[in-house]
Amino acid sequence: MNTKRNAVFAYGLLVPALLVVAVLLVYPMYLALNASFRKGQTSNFSKINELPFTLDNYQNILTDSAFWHSLWISIQYTFFSTAIGFAIGLVTALLLNRNFRGRRLVRTLILVPWAIPGVVVSLGFIWILDASYGIMNAMLRSLGIISANIAWLSNPNYALWAVILPTAWKGYPFFTLMLLAALQSVPVELYEAGRVDGASKWRLFANITWPGIRPAAVLSLVLNGLWAFREFDFIYSMTRGGPMGATETLAVKIYNQAFSFFHQSAAAALGMLTFLICIISVLTVYPLIKEQFFGGSR
Amino acid sequence: MRKCMRSLLLIVFVFALAGCSSGSKTGSPAPGTSTPSGSAETIVLEFPSWQAEEPGFSQWWKELISQFEQEHPNVRINFTSIPFKGYVDTLITMFAADDPPDIVHLPSASLLQFANNDWLEPLDEILKETDVPQTWTSLQSNMVLDGKTQGLLLLGYGFNLYYNEKMLNDAGVAVPTTPEELLGAAETLTKDGVYGFGSTTVEMDNVFNEVSMFIVGEGNPWIKDGKYNLTDEKVVEAVEQYRKLLKMSPQGVSVEQKRQLFFDGKIAMIIDGPFIYGQATSDQSAAGPYIRIAPAPFPHIPGSVSNNLSIAKSIDPDKKRMVGEFIKLAASPEWQAKYAEYTNSPVPRAGVISEEYLKEHPEMGVFAESAKNAVSIIPDSINVRTNFNQFSKTVQTAMMELMVTDTPTADVLRKLEDQLGKIVTP
Amino acid sequence: MKKLQSMLPGTLALLLSLIMLFPLYWMFNTSIMPTSEILSLNPPLWPTLSKINFDAYVSILHNTPILRWFANSLNITLWSSAISMGISILAGYSLSRFRTRGQAVMGFFLLVNRMLPGTLIIIPIFIMTNSLHLINNPLAVILTNITAIVPFATWMMKGFFDSIPVELEEAGFVDGCSRLKALVRIILPLTAPGLAATGIYSAVLAWSDFLFARSLLLESSQWTITVGTISFIGQYMVQWSSLMAMGFLSVVPMIVLFFLLEPFFVRGMTSGAVKG
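Line by line, the protein sequences give chains L, W and X. Counted the way my numbering counts, the first sequence spans residues 1 to 298. Counted the way my numbering counts, the second sequence spans residues 1001 to 1426. Counted the way my numbering counts, the third sequence spans residues 2001 to 2276.
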């Protein structure tokens, strides 16, 4: 096989994907980058090139304690939504990997939360989590876990959990999906061999299952993490970033700058910083996951 | 292989079906672009609105448009429906992309911010040809930036007290007429799983409205002598009353949830605008039969503005003229009367509601009175109005602090004053 | 005893799925019971039979063009998914089987390129769509969906391709297959769970798009199901029952899709394919 022909073929296969993504994202990125370096509060993109060049936007953001607070909130929101989603996804994938009666139905039902539009989920949860009349508090009270109602959406100590819950709920089926598909690829013979050797259930999982699904697990964690980091609808519909900034992630901040405060350049700068943070995060974990990411059949 | 072919055929079939049933692929022309049509003189005005399908309002708009098109045969209005959630965002996107709609229908909270971005055409010349400056409600002053009128107010209102008569009677509580009575009544009525008074208890726009009701309703200005007036002892007292009610309210409810709880008989009293009256007394409202209205329990009636019509600045002069004509028609006595009738709302033009109609719909009289005497809850400062969202959000955060902590009210207000001073000079 | 043990995973799975579906059940409950019943200090776990009414559903079917919304969503989802899958399969295969430097960089670029928040890029995308005269054209949303789906779908397909040993293709080359033929004939059938997963991912992403559908499809005849659902939120009031009912109905096509693709999640496709 001619290696040069190989290389051309390799790049060629990638071209449609790059084309699609580049054409539709290069221009927005250019506009956003351009806007982020402009001085002045404006919302007119056509006039934005008339504004003077400045680094003020970035300076203002990085010296504002509210930015760092939002970053911290974003990190917590992303971490817990992803972790909880992953845990539920792993358990369900392992359970659904078996062959049992009604498997088809259960495997279908478990994926459903993912398909519900985000805004419907948020509005459903504001009633479920309602302090006085919500079913969540009613259940927690009847189980004896709490004695007084928790104000999920207006208590700064609980508000972040209140928005993490629906995010994890909508996000877990993605993990189920990825992990289940990966589990399917683990050859049955390995398990049989392991059982013949007398390995325990836990050993089987640690030595056969986990290495087999690790690449998929890593990928899904990264993808879901990036999604949660940018997610905005849940929080805005439920708490608007309040109370008192308890749920104001970077995504909410960007929206506020662009659509509430009519400050496109500040929003753009914030957006660029968010983008940078995403890249840095992926690069940081990259050495740890490099093998998983680029590992596989080779 | 055969299975493969079968599933492939099925996929193609489904595609074809979906493609056929989704209607015209090319859709309608984009807002702002002029349509190539049969007659070269036809002007098409793009008019998106969230009220296009709303009962009552929709009927009024469609009849108005029909009349306008009859009077101006060379004009066609493309009336499209956009959901309210995200409506302003969509409009901002269109304006920012320099492709605005011709007839601009705005929730008025955003009006001056749109105007401040130089997106709207002043209406003064057009309105001079009408009697609007003489007959319109004083709340129209909320539409003015730099001495220029930026929009025609369609719905301005005063807040009223809505109460559940049965709950008040059962508890032997009289309808409150002062803030103190309101507090007392709320306390007495909060028991056995129901609440006396409902406030918005998540951080959203209505929180600003509700605290401002107390401040303005008790006769205090937000800004005095060019400075924020929040540490004045009368303002502190008013906010303290608001705070007590806030803490007594169901926690963590949005304004829409609050209204729903009231309709379901879980809250005894709320203060709100005329727009919920229809829903409050409808069949779907469990407490409907018992709901009554009274003047808001303040010495002054707090009021606000709901929505207005404007003209986009960057469109052709011909179109601007036509939109101006449309606005004039909407402001005419005949159509104002119809607005009141179809939508059951007070109208900005005084004296269009007939006596018989008032007899049949007494609540309209209450609403008209409230609207006439209303004092705007939005501070009378151009800086504040053009940066209203930032101002409002800062206030909302402070109100949440009042609700969630026990920090003395005066301290929170002092801190708020400082914050506001840095963000928006009065 | 053994029989009990074999029933355990199924029972656990069923139990878990029921627990996870509880919020959906509660939303359904809200759509068939009057809110005054649902909003009480001790809400009833089961709907009171005497108070159940399907008014919300009836009203939706009568008063809204729900079938048109479904048709629009279906159209956009099918095209978005099909094109995305095609592009992602090729790109994923490339990333999996070849190991050139520039290629790895391009792959990384694909991943990070989608990290701008939607609220930031909506105005630029509107500007672009407008200049192409594609406003109110479903094609605009199909394209934005493809941009959203392809990066991640590519990486997903790469992962699934990775789990297929290269030996299988090489066996094909020995038999005289070209690379593409090997891909289609040998590899793709083996990645069935991966294809199903990527297909579901594409469909769900396209189906639940709200931001672009709302901003780029401004004629109500072009509304998708998500935009239609949101229309129950008014300026001052929310029609809770209708909103929940609509949310519930909008999930049905996805449930059908999951059900149809479920057989692909069956083990046994890779094992035994390569002996020795």
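You may find that some hints are simply not true.
To be verified - In silico BS3-like pairs for lysine-lysine, Cα to Cα no more than 30 Å straight-line:
(1) W:Lys-1191 - X:Lys-2181
(2) W:Lys-1319 - L:Lys-39
(3) W:Lys-1166 - W:Lys-1247
(4) W:Lys-1148 - L:Lys-47
(5) W:Lys-1148 - W:Lys-1415
(6) W:Lys-1148 - W:Lys-1372
(7) W:Lys-1166 - X:Lys-2051
(8) W:Lys-1359 - W:Lys-1247
(9) W:Lys-1191 - L:Lys-39
(10) L:Lys-39 - W:Lys-1227
(11) W:Lys-1148 - W:Lys-1338
(12) L:Lys-39 - W:Lys-1328
(13) L:Lys-47 - W:Lys-1320
(14) W:Lys-1338 - L:Lys-47
(15) W:Lys-1372 - W:Lys-1227
Hints were generated in silico from the structure; no laboratory data involved.
Tested hints:
1. For the proposed pair Lys-1191 (chain W) and Lys-2181 (chain X), the alpha carbon gap of about 75 Å is over 30 Å, so the pair is violated.
2. Pair hint Lys-1319 (chain W) plus Lys-39 (chain L) does not hold up; C-alpha atoms about 33 Å apart against a cutoff of 30 Å.
3. Between Lys-1166 (chain W) and Lys-1247 (chain W) the alpha-carbon distance is near 24 Å, which keeps this suggested pair within the 30 Å criterion.
4. For the given pair, Lys-1148 (chain W) sits about 23 Å from Lys-47 (chain L) by alpha-carbon distance, which is consistent with the 30 Å threshold.
5. Distance restraint check for Lys-1148 (chain W) and Lys-1415 (chain W): the Cα-Cα separation of roughly 34 Å exceeds the 30 Å cut-off, and the hinted pair is therefore not satisfied.
6. Our distance criterion of 30 Å between C-alpha atoms is met by Lys-1148 (chain W) and Lys-1372 (chain W), whose separation comes to about 22 Å.
7. Restraint check for Lys-1166 (chain W) and Lys-2051 (chain X): the C-alpha separation of about 23 Å stays at or below 30 Å, so the hint holds.
8. The hinted pair formed by Lys-1359 (chain W) and Lys-1247 (chain W) fails the criterion: a straight-line CA distance of about 39 Å is larger than 30 Å.
9. A C-alpha spacing of about 55 Å is found between Lys-1191 (chain W) and Lys-39 (chain L), which places the hinted pair above 30 Å, so the restraint is violated.
10. Simply put, Lys-39 (chain L) and Lys-1227 (chain W) have alpha-carbon atoms about 28 Å apart, close enough for the 30 Å limit, and the pair holds.
11. Pair hint Lys-1148 (chain W) plus Lys-1338 (chain W) holds up; C-alpha atoms about 28 Å apart against a cutoff of 30 Å.
12. At most 30 Å may separate the alpha-carbon atoms for a hinted pair to count; Lys-39 (chain L) and Lys-1328 (chain W) exceed this at roughly 40 Å.
13. A threshold of 30 Å between alpha carbons decides the hint, and for Lys-47 (chain L) with Lys-1320 (chain W) the separation of about 22 Å falls inside it, so the pair holds.
14. With a C-alpha separation of about 42 Å, the suggested pair Lys-1338 (chain W) and Lys-47 (chain L) falls outside the 30 Å cut-off, and the hint is violated.
15. A distance of roughly 28 Å separates the Cα atoms of Lys-1372 (chain W) and Lys-1227 (chain W); the hinted pair therefore holds under the 30 Å criterion.
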